[in-house]
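Protein chains in written order, with my numbering: chain G, 14 to 187; chain W, 279 to 708.
Check the hints yourself; a few may be wrong.
Stated by the list, open to error - Pair ranges (Cβ atoms, derived):
1) G:Lys108 <-> W:Ile286: 21 to 27 Å
2) W:Leu502 <-> G:Asp146: 42 to 48 Å
3) W:Ile532 <-> G:Val150: 25 to 31 Å
4) W:Leu607 <-> G:Val33: 36 to 42 Å
5) W:Pro404 <-> G:Phe107: 31 to 37 Å
6) W:Ala482 <-> G:Pro30: 54 to 60 Å
7) G:Ala42 <-> W:Asn587: 54 to 60 Å
8) W:Ala697 <-> G:Trp111: 52 to 58 Å
Treat the hints as calculated values from the structure; they're not laboratory data. Glycine is no exception: its CB is placed at the ideal position from the N, C-alpha and C atoms.
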Amino acid sequence: MTETPDMEGGASRPSLPAPVRWIEAAFAAAAALLLFAMMAMTFVDVLGRYIFNHPLGFAFEMTQIAMGAMVLCAIPSVTLRGQHVTAGLFEEAFKGGWKSMRDIVVALGICICCAFMAWRLSLLAARFVSFGDRTSVVHFPIGIVAWLGVVCFVVSALAAFFVAVRALAKGGSQ
Amino acid sequence: MNAAIGFIALFALLLFGMPLAFALGIVGFVGFALMVGPLPAGAMSAQIAWDTLASYSLSVLPLFVLMGNLVNHAGLSKQLYAASNAMVGHFKGGLAMATIVACGGFASVSGSSLATAATMSSIAMPSMRKYGYSPALSSGSVAAGGTLGILIPPSVIMVIYGSMTETSIGALFVAGIVPGLIGILFYAAAVRFTVWRDPDAGPAGPKLPIRERLLAIREVWAVLGLFILIIGGIYLGVFTPTEAAGMGASGAFIIALVKRTLTPAAFARVLLETVRTSAMLMCVLVGALIFSNFVNVAGVPSQVVALINWFGLPPIGVILLLILFYLILGCVFDSLAMILLTVPIFFPLVTGLGFDPIWFGILIVVAVEISLITPPIGMNIFIIRTVMTDLPVTTIYRGVVPFIVADIVRLALIVAVPALILFLPEQMGK
Chain G
14 MTETPDMEGG
24 ASRPSLPAPV
34 RWIEAAFAAA
44 AALLLFAMMA
54 MTFVDVLGRY
64 IFNHPLGFAF
74 EMTQIAMGAM
84 VLCAIPSVTL
94 RGQHVTAGLF
104 EEAFKGGWKS
114 MRDIVVALGI
124 CICCAFMAWR
134 LSLLAARFVS
144 FGDRTSVVHF
154 PIGIVAWLGV
164 VCFVVSALAA
174 FFVAVRALAK
184 GGSQ
Chain W
279 MNAAIGFIAL
289 FALLLFGMPL
299 AFALGIVGFV
309 GFALMVGPLP
319 AGAMSAQIAW
329 DTLASYSLSV
339 LPLFVLMGNL
349 VNHAGLSKQL
359 YAASNAMVGH
369 FKGGLAMATI
379 VACGGFASVS
389 GSSLATAATM
399 SSIAMPSMRK
409 YGYSPALSSG
419 SVAAGGTLGI
429 LIPPSVIMVI
439 YGSMTETSIG
449 ALFVAGIVPG
459 LIGILFYAAA
469 VRFTVWRDPD
479 AGPAGPKLPI
489 RERLLAIREV
499 WAVLGLFILI
509 IGGIYLGVFT
519 PTEAAGMGAS
529 GAFIIALVKR
539 TLTPAAFARV
549 LLETVRTSAM
559 LMCVLVGALI
569 FSNFVNVAGV
579 PSQVVALINW
589 FGLPPIGVIL
599 LLILFYLILG
609 CVFDSLAMIL
619 LTVPIFFPLV
629 TGLGFDPIWF
639 GILIVVAVEI
649 SLITPPIGMN
659 IFIIRTVMTD
669 LPVTTIYRGV
679 VPFIVADIVR
689 LALIVAVPAL
699 ILFLPEQMGK
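Excised from the complex, chain G in its bound form (with noise of 0.2 Å):
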């Protein structure tokens, strides 16, 4: 598996700008409530389908939504941190002043692939709206879901252009 255990880098990083701080924030923060939800929701919908015998109902279609909005939410912070998965190559092989291009140009590849995905979603998210999308048993609006998932594209984008701005202000600086 390649997930890495997660350092918690608070404190090593010192540099990251107040507003870009807040922003990362508030998305994981949703994402961390959105998680919880799910996993308390879960518990009741199957305590109450055994020993109460009236399950929620809506289970199966708010654990989608909040599965999808969780998980959009999240993107930002790990695009922040630089923390998508590398396959491990030759990652050492670039030193100084390459390794700040290449940092530069993987952020920039990073920014494009999320502001292409931002725009197809929305395509995709004004279509649920026109059309009036909405799940069966509590008629949740999925448009919602979908332009939430813009927001978060966009932010990631964001997110990567800010690490390669980071990048050349480092490289710049050696």
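Chain G is already provided as a structure; the job is to place chain W on it using the hints.
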């Protein structure tokens, strides 16, 4: 031809250091756009992203990751080690065997090999050092034991394989149990072999009185209970895997509350860590599915089938060839990357030859497990290095050799006897 250029571009991007998710997505999108057109390629990418992220079945991923993180936070991993130690610590090489057993226990509530190796190296290494275990044996047992994380359910890799191939995730989990237990046994045998050759490598620990042993084991009922709850629930059809994951995470949350190890700040950290890990995995999965659409449009699976037919290999020969391929690829590639790149190509081939999708899933999980400990790039070894910075990599590699041999024997066994994998899932829901 198009596909070959695609693969070369992909490797170039990966070598350059482009994250997996984006390298796969870019090549998949561009390749699809060149063959079918940019508009459908854009629509396809957005649709895949949406369907994958807002997916019920994939919500097992964050919930199981949360469960593992909570269990770890509740201090249960330390108690697992203490209990394993109480059981087998007094044998020759006992502490190393205890490490393997504890890794297996942690794997039963964690879906990740790196998390297992990271957790156990900080817990088990110090006590093995204290009792004079050779650095090679102690680090080797942690590195190898850690690989059990993705085989013993729950497993992140199985969720990804299941969602890429539309194979039942619950059945895959159940199928991983027996090979996981065989893994623990064979690793223990590898420890015995090491201390048989060099008795100084792993001296026996003190033997505890029965009462203390029982006490230590009593402390880990919670982990066992969680495992029985989730896997038993899936097996009996009481839960969907997502519900099992939600119940497991809730259970771990309650255990941590009862043990009073969870402050609000720590819980917030656990949640944040979990959502980031999940987002990262989901991005990779979206990239892989986009790439896999390109691979299919380019007709790679049918070309591979044609190539195999041209060679005239018997089905079992194909499987052996694929295993060899995974072992070689595993020396340089990470396990997740390997699954993502190869499954779209090999899965149609293997199922076309009449092999069971669940059997193949477990087979490649075992095969990529080996990649976590083979030189020159074994992720578990790097993890141990970050915990034990004074240990030379060469020592760790020397230590894992007996375990790699054990892995290859196990792989041969499950190829020869598919029932070891398929028996349990076939009984499900009966």
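Tested hints:
1. G:Lys108 <-> W:Ile286: 21 to 27 Å: holds, 25 Å
2. W:Leu502 <-> G:Asp146: 42 to 48 Å: Distance hint for W:Leu502, G:Asp146 holds at roughly 44 Å.
3. W:Ile532 <-> G:Val150: 25 to 31 Å: holds, 28 Å
4. W:Leu607 <-> G:Val33: 36 to 42 Å: holds, 39 Å
5. W:Pro404 <-> G:Phe107: 31 to 37 Å: Since W:Pro404 and G:Phe107 have Cβ atoms about 35 Å apart, the given range 31 to 37 Å holds.
6. W:Ala482 <-> G:Pro30: 54 to 60 Å: holds, 58 Å
7. G:Ala42 <-> W:Asn587: 54 to 60 Å: holds, 55 Å
8. W:Ala697 <-> G:Trp111: 52 to 58 Å: With a Cβ separation near 53 Å, W:Ala697 and G:Trp111 satisfy 52 to 58 Å, so the hint holds.
Checked against the numbered hints given earlier, this structure breaks none of them.
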